[in-house]
Amino acid sequence: MANFEEIDKARKLLGLGEAATLKQIKQAYRQMAFRYHPDRGEKGVQAEEMMKQLNAAYKLLINYCSSYSYSFREEDVAKTYRYDEYLRKFRHGWFDGI
Numbered sequence: 018m019a020n021f022e023e024i025d026k027a028r029k030l031l032g033l034g035e036a037a038t039l040k041q042i043k044q045a046y047r048q049m050a051f052r053y054h055p056d057r058g059e060k061g062v063q064a065e066e067m068m069k070q071l072n073a074a075y076k077l078l079i080n081y082c083s084s085y086s087y088s089f090r091e092e093d094v095a096k097t098y099r100y101d102e103y104l105r106k107f108r109h110g111w112f113d114g115i
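Be aware that the sequence shown starts at 18, since it is given in our numbering, and climbs by one per residue.
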């Protein structure tokens, strides 16, 4: 299992903040991979080395996230949806529909 420093370095390499969804991790990886892929021919050896680092960072973060235990208990699901409702109200204005 990776330690904090390795995980922190990996998320920074992919340009991620301190919290990210699995979807955001995948999106960040794809953007960086498109930018640095050696077949694009722009950076040669540097691009190849960067792709190796990106692949390792992505694999590390995906492995870390896949080991997370999700709770399906009713109270935990309810907490998640209350938070989602709060965010929806915040994004769309507190007084919509009044």
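Honestly, the hints are just simulated from the structure, not real lab data.
Computed from a prediction, not measured in an experiment: that's the story for all the values here.
A portion of the hints provided could be inaccurate.
Once the Cα atoms are required to be at most 30 Å apart in a straight line, the calculated DSBU-like pairs of lysine-lysine come out as [claimed, not checked]:
{"hint": "1", "residue 1": "26", "residue 2": "69"}
{"hint": "2", "residue 1": "40", "residue 2": "26"}
{"hint": "3", "residue 1": "29", "residue 2": "43"}
{"hint": "4", "residue 1": "69", "residue 2": "29"}
{"hint": "5", "residue 1": "43", "residue 2": "96"}
{"hint": "6", "residue 1": "40", "residue 2": "96"}
{"hint": "7", "residue 1": "40", "residue 2": "76"}
{"hint": "8", "residue 1": "29", "residue 2": "40"}
{"hint": "9", "residue 1": "96", "residue 2": "69"}
{"hint": "10", "residue 1": "76", "residue 2": "26"}
{"hint": "11", "residue 1": "69", "residue 2": "43"}
{"hint": "12", "residue 1": "76", "residue 2": "29"}
{"hint": "13", "residue 1": "69", "residue 2": "40"}
{"hint": "14", "residue 1": "43", "residue 2": "76"}
Here are the in silico distance ranges between beta carbons for each label pair [what the hints assert, rightly or not]:
{"hint": "15", "residue 1": "55", "residue 2": "93", "range": "23 to 31 Å"}
{"hint": "16", "residue 1": "94", "residue 2": "51", "range": "14 to 22 Å"}
{"hint": "17", "residue 1": "91", "residue 2": "55", "range": "22 to 30 Å"}
{"hint": "18", "residue 1": "94", "residue 2": "72", "range": "17 to 25 Å"}
{"hint": "19", "residue 1": "109", "residue 2": "62", "range": "25 to 33 Å"}
{"hint": "20", "residue 1": "96", "residue 2": "26", "range": "30 to 38 Å"}
{"hint": "21", "residue 1": "29", "residue 2": "90", "range": "30 to 38 Å"}
{"hint": "22", "residue 1": "61", "residue 2": "36", "range": "31 to 39 Å"}
Glycine included, every Cβ here is placed at the ideal spot set by N, Cα and C.
Each hint, compared with the structure:
1. 26 x 69: holds (14 Å)
2. 40 x 26: Within the cut-off at roughly 19 Å; holds.
3. 29 x 43: holds (14 Å)
4. 69 x 29: Since the Cα atoms of residue 69 and residue 29 sit roughly 15 Å apart, the hinted pair holds (cutoff 30 Å).
5. 43 x 96: holds (26 Å)
6. 40 x 96: holds (21 Å)
7. 40 x 76: Holds: residue 40 and residue 76 sit about 14 Å apart, inside 30 Å.
8. 29 x 40: At roughly 16 Å apart (the allowed maximum being 30 Å), residue 40 and residue 29 satisfy the hint.
9. 96 x 69: Violated, because 39 Å separates the two Cα atoms, which is more than 30 Å.
10. 76 x 26: Holds, at roughly 13 Å.
11. 69 x 43: Cα-Cα ~16 Å, so holds.
12. 76 x 29: Holds: residue 76 and residue 29 sit about 14 Å apart, inside 30 Å.
13. 69 x 40: holds (21 Å)
14. 43 x 76: holds (10 Å)
15. 55 x 93: 23 to 31 Å: Violated - the Cβ-Cβ distance for residue 55 and residue 93, about 44 Å, lies outside 23 to 31 Å.
16. 94 x 51: 14 to 22 Å: violated (36 Å)
17. 91 x 55: 22 to 30 Å: Violated, since residue 91 and residue 55 (Cβ atoms, about 50 Å apart) do not stay within the stated range.
18. 94 x 72: 17 to 25 Å: Roughly 35 Å apart at Cβ, these two residues miss the hinted range, so it is violated.
19. 109 x 62: 25 to 33 Å: Cβ of residue 109 to Cβ of residue 62: about 49 Å, so the range 25 to 33 Å is violated.
20. 96 x 26: 30 to 38 Å: holds (31 Å)
21. 29 x 90: 30 to 38 Å: With Cβ atoms ~34 Å apart, the hint holds.
22. 61 x 36: 31 to 39 Å: holds (35 Å)
The structure fails to meet hints 9, 15, 16, 17, 18, 19 from the earlier list, while all remaining hints are met.
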